[in-house]
Amino acid sequence: MAQIPNLDNAALNLTALREQSQKELLSIIKSIRGKKCLVIDPKLAGTLSLILQTSVLKEYGTELRILSADPLQTECPKVVYLVRSQLNFMKFVANQIKNDESKGLQREYHLYFVPRRIVACEKILEEEKVHQKLTIGEYPLYLVPLDEDVLSLELDYSLQECLIEGDTSSVWHVAKAIHKLEFAFGVIPNIRAKGVASTKAAELLNHMQLEDPVSMDNMGIPEIDTVILLDREVDMVTPMCSQLTYEGLLDEMLEIHNGSVEVDASIMGAQQDGKKVKVPLNSSDKLYKEIRDLNLHVVVQVVRQKATSIQQDYAEVKSTNTQSVSELKDFVKRLHSLPEIARHVNLAQHLQSFAAKPAFHARVEIEQIILEAHTYETCYEYIEEIIQKQEPIETVLRLLVLFSLTNAGLPKKNFDYLRREILHSYGFEHMPLLYNLEKAGLVKRQESRTNWPVISRALQLIVDIKDPENPDDIAYIFAGYAPLSIRLVQHAVRSGWRSIEELLKLLPGPHMDLKRGVSTISSSELLPGSGSQQSTDRVGHRSLVLVVFIGGVTSAEIAALRFLSAQEGMGYDFLVATTKVITGNTLLRPIIASSKEGMI
Amino acid sequence: LLLKESRELERNPMASKGSPLHGPQVRLVEQAHRLFAETKEHLFESKSAEEHAKLLRVQHQLEVSTKQAIFVGSSVSDTIKTCIVMGNERAAVKVKSEFKVPDKRWYWLKSCALATVGNWDALETF
Numbered sequence: 001m002a003q004i005p006n007l008d009n010a011a012l013n014l015t016a017l018r019e020q021s022q023k024e025l026l027s028i029i030k031s032i033r034g035k036k037c038l039v040i041d042p043k044l045a046g047t048l049s050l051i052l053q054t055s056v057l058k059e060y061g062t063e064l065r066i067l068s069a070d071p072l073q074t075e076c077p078k079v080v081y082l083v084r085s086q087l088n089f090m091k092f093v094a095n096q097i098k099n100d101e102s103k104g105l106q107r108e109y110h111l112y113f114v115p116r117r118i119v120a121c122e123k124i125l126e127e128e129k130v131h132q133k134l135t136i137g138e139y140p141l142y143l144v145p146l147d148e149d150v151l152s153l154e155l156d157y158s159l160q161e162c163l164i165e166g167d168t169s170s171v172w173h174v175a176k177a178i179h180k181l182e183f184a185f186g187v188i189p190n191i192r193a194k195g196v197a198s199t200k201a202a203e204l205l206n207h208m209q210l211e212d213p214v215s216m217d218n219m220g221i222p223e224i225d226t227v228i229l230l231d232r233e234v235d236m237v238t239p240m241c242s243q244l245t246y247e248g249l250l251d252e253m254l255e256i257h258n259g260s261v262e263v264d265a266s267i268m269g270a271q272q273d274g275k276k277v278k279v280p281l282n283s284s285d286k287l288y289k290e291i292r293d294l295n296l297h298v299v300v301q302v303v304r305q306k307a308t309s310i311q312q313d314y315a316e317v318k319s320t321n322t323q324s325v326s327e328l329k330d331f332v333k334r335l336h337s338l339p340e341i342a343r344h345v346n347l348a349q350h351l352q353s354f355a356a357k358p359a360f361h362a363r364v365e366i367e368q369i370i371l372e373a374h375t376y377e378t379c380y381e382y383i384e385e386i387i388q389k390q391e392p393i394e395t396v397l398r399l400l401v402l403f404s405l406t407n408a409g410l411p412k413k414n415f416d417y418l419r420r421e422i423l424h425s426y427g428f429e430h431m432p433l434l435y436n437l438e439k440a441g442l443v444k445r446q447e448s449r450t451n452w453p454v455i456s457r458a459l460q461l462i463v464d465i466k467d468p469e470n471p472d473d474i475a476y477i478f479a480g481y482a483p484l485s486i487r488l489v490q491h492a493v494r495s496g497w498r499s500i501e502e503l504l505k506l507l508p509g510p511h512m513d514l515k516r517g518v519s520t521i522s523s524s525e526l527l528p529g530s531g532s533q534q535s536t537d538r539v540g541h542r543s544l545v546l547v548v549f550i551g552g553v554t555s556a557e558i559a560a561l562r563f564l565s566a567q568e569g570m571g572y573d574f575l576v577a578t579t580k581v582i583t584g585n586t587l588l589r590p591i592i593a594s595s596k597e598g599m600i
Numbered sequence: 001l002l003l004k005e006s007r008e009l010e011r012n013p014m015a016s017k018g019s020p021l022h023g024p025q026v027r028l029v030e031q032a033h034r035l036f037a038e039t040k041e042h043l044f045e046s047k048s049a050e051e052h053a054k055l056l057r058v059q060h061q062l063e064v065s066t067k068q069a070i071f072v073g074s075s076v077s078d079t080i081k082t083c084i085v086m087g088n089e090r091a092a093v094k095v096k097s098e099f100k101v102p103d104k105r106w107y108w109l110k111s112c113a114l115a116t117v118g119n120w121d122a123l124e125t126f
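Residue numbers (the numbering used here), protein chains in the order written: chain E, 1 to 600; chain S, 1 to 126.
Possibly wrong hints are sitting among the right ones.
Computed list of lysine-lysine pairs in DSS-like fashion (alpha-carbon distance at most 25 Å, straight line) [to be verified]:
{"no.": "1", "chain 1": "E", "residue 1": "Lys-389", "chain 2": "S", "residue 2": "Lys-110"}
{"no.": "2", "chain 1": "S", "residue 1": "Lys-47", "chain 2": "E", "residue 2": "Lys-389"}
{"no.": "3", "chain 1": "S", "residue 1": "Lys-47", "chain 2": "E", "residue 2": "Lys-444"}
Output of the computed footprint for chain E on chain S, the stretches with three or more beta carbons under 8 Å from beta carbons of chain E [stated by the list, open to error]:
{"no.": "4", "stretch": "49 to 55"}
{"no.": "5", "stretch": "102 to 109"}
Using C-beta positions, here's what the derived DEER-type ranges look like [what the hints assert, rightly or not]:
{"no.": "6", "chain 1": "E", "residue 1": "Tyr-417", "chain 2": "S", "residue 2": "Trp-120", "range": "29 to 35 Å"}
{"no.": "7", "chain 1": "E", "residue 1": "Lys-505", "chain 2": "S", "residue 2": "Trp-120", "range": "35 to 41 Å"}
{"no.": "8", "chain 1": "E", "residue 1": "Glu-290", "chain 2": "S", "residue 2": "Asp-103", "range": "49 to 55 Å"}
Hint data in this document are derived by calculation from the structure and do not stem from the laboratory.
These numbers were taken from a predicted model, which means no experiment stands behind them.
Idealized CB from N, CA, C, for every residue including glycine.
Please build the complete structure, drawing on both the sequences and the hints.
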């Protein structure tokens with residue numbers, strides 16, 4: 001099965017979006033004649049694999065290389081760099097060019113920034129005195145479809161840049177990406193935003209519309225009704241919790257990159273050991289689509305049931321030789337789904353070996369206790385213990401952040417004690433990390449009373465799940481905790497921000513509710529919130545809500561949105577756009593790493 | 001300005017990490033400690049930097065006495081563990097008292113370290 005997801009079932013014509021990106025890339029390649037070597041930075045290479053197959057590039061006489069600190073090995077007279085606008089990549093480019101020169105090689109160099117050129121990057125090239133030798137261009141790649149309902153900008157450091165470094169370029173990228181969508185699908189009439197970055201993105205979007213307007217006349221009715229922008233900062237609680245859905249666990253334990261996981265071949269039942277195999281994960285796999293958002297133990301049941309039913313069929317086929325051809329055909333068809341079943345049996349089994357451990361249960365349990373926020377001491381002692389046992393620092397920080405957020409910080413004495421324990425256990429080089437977390441407000445000293453219980457009660461975040469196999473609320477995703485972010489989305493589509501204004505004030509950042517140039521009155525009646533009746537009537541399909549998470553989204557939250565749109569009486573389809581699909585670990589890791597590097 | 005300076009210094013010792021010369025690093029960390037001490041808000045940072053410098057000195061001594069360059073750069077906990085693994089309980093206790101390691105952590109470290117080397121007799125008697 002291909003890694004490039006099939007987008008035919010998408011609520012929006014995302015195939016067109018992907019084809020545009022393909023076309024733009026190919027036109028760059030075609031514009032440079034002759035044999036050339038395309039050098040891509042390692043992160044971007046994964047992203048591009050979601051857009052087109054590498055074999056296509058070879059057809060255009062292109063060699064492919066991954067950018068690294070080493071000198072470039074190629075015979076081609078022309079070199080095309082395709083890189084994210086990151087400072088360290090510029091150094092690599094400069095070094096490779098200088099290395100070629102020292103060998104007396106004459107080459108033609110092109111550099112394409114993704115998604116746009118940045119002054120700081122060009123400055124470095126100038127300092128390195130290679131700027132003159134490069135032909136510079138841009139490859140405006142913004143949103144990449146990860147699946148039929150998920151788009152991503154694939155920006156790994158967005159949250160860290162916004163919260164710690166004060167670099168808001170990713171906000172600009174988000175606005176630009178939405179604006180690009182509007183060119184294809186019409187101006188989105190309703191904007192709701194919550195959080196500093198989100199409101200800024202909304203303002204930028206308006207600004208872009210003024211400067212470079214999407215014409216509203218010949219577009220007909222806009223295909224997206226509402227865009228809801230949320231800062232990750234508004235809800236940092238959710239990503240800190242352990243995800244319990246199949247996809248969420250896959251991401252937590254094995255890490256999904258660009259829509260696939262890499263696992264040892266032995267796990268997948270192959271004979272050869274030590275080899276890695278890539279398993280693509282997207283809705284093109286029917287079974288995966290069915291089970292990805294379910295709780296792991298439900299997944300195991302579903303897969304087992306499927307396997308046994310095929311087994312029964314097989315027994316029937318064997319025992320009775322009187323089947324008609326069409327019956328046999330049916331059976332063979334079902335056999336075709338066997339590799340899918342086998343694949344997920346293997347994966348689920350592998351996950352269960354983690355999830356069945358007592359340590360995992362203990363952690364999920366302590367998360368629940370922290371969320372319910374009444375037994376402070378138990379949680380505090382648990383965190384103290386895992387620090388002293390030197391468990392992975394990501395694990396410790398996730399719980400600590402969760403604990404600090406729900407308590408509006410820790411009392412000074414506890415705060416200093418735990419910080420000291422962390423420094424002693426993991427080394428003093430983590431001091432900048434603690435400092436950064438404090439700066440980002442993730443782990444801090446208690447200064448005021450916590451309003452978590454108020455928020456939690458008002459939004460019904462803690463729900464008792466009665467029947468985990470047939471859930472009736474999104475809280476099934478975290479075994480009883482409904483993600484704060486998704487509760488906000490629920491309110492936003494139902495009645496806008498107005499009804500929960502007081503509550504929004506308790507969460508970080510301003511909020512904003514905007515209506516934009518609607519060309520006709522009739523279409524303004526179609527806004528969500530004015531009842532799902534009209535929206536569903538409209539040309540037979542339901543209205544589409546674009547939910548944008550600036551700073552990343554977890555697969556569990558995406559699962560919750562899918563669950564919502566599958567509910568009866570829900571007049572909306574959700575399309576998720578984000579800077580990156582994250583887990584608590586992948587969210588914290590860049591912060592840990594960059595703090596260690598010393599942030600020069 | 002002072003704040004900015006101390007912040008920069010806070011980062012500096014990390015930049016010099018991994019240098020084979022211990023002297024300059026200790027001095028740098030001590031300088032950070034002094035600068036942090038000049039403001040009131042950074043009491044914690046100042047104390048930590050002081051401890052960091054102390055740790056580096058202790059580790060240096062341990063390396064000299066054991067003739068093995070395995071201590072510098074590791075954390076307080078790891079230093080204690082290494083000492084116990086090497087069977088040098090006295091040094092471990094010394095580090096424990098010097099850095100006021102709470103008993104709880106001490107027990108975790110000690111049992112963990114003894115288990116790693118499979119010293120079950122010692123584990124039983126303690």
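Now the hints, each set against the structure:
For the suggested pair Lys-389/E and Lys-110/S, the alpha carbons sit about 11 Å apart, so the restraint of at most 25 Å is met. A C-alpha spacing of about 23 Å is found between Lys-47/S and Lys-389/E, which places the hinted pair at or below 25 Å, so the restraint holds. A hinted pair counts as satisfied when its Cα atoms are at most 25 Å apart, and Lys-47/S with Lys-444/E qualifies at roughly 18 Å. Chain E is given as covering the stretch 49 to 55 of chain S, and this holds because 4 residues of the stretch bring a CB closer than 8 Å to a CB of that chain, at least three being needed.
A count of 5 residues in the stretch 102 to 109 of chain S with a Cβ less than 8 Å from any Cβ of chain E is obtained; the coverage claim is therefore met, three being the minimum. Distance hint check for Tyr-417/E and Trp-120/S: the Cβ-Cβ separation is about 33 Å, which falls inside the suggested range of 29 to 35 Å. Hint check: Lys-505/E to Trp-120/S, Cβ distance near 59 Å, so the stated range 35 to 41 Å is violated. Between Glu-290/E and Asp-103/S the C-beta distance comes to about 52 Å, which sits within the given range of 49 to 55 Å.
When each numbered hint is compared with the structure, a violation occurs for hint 7 only.
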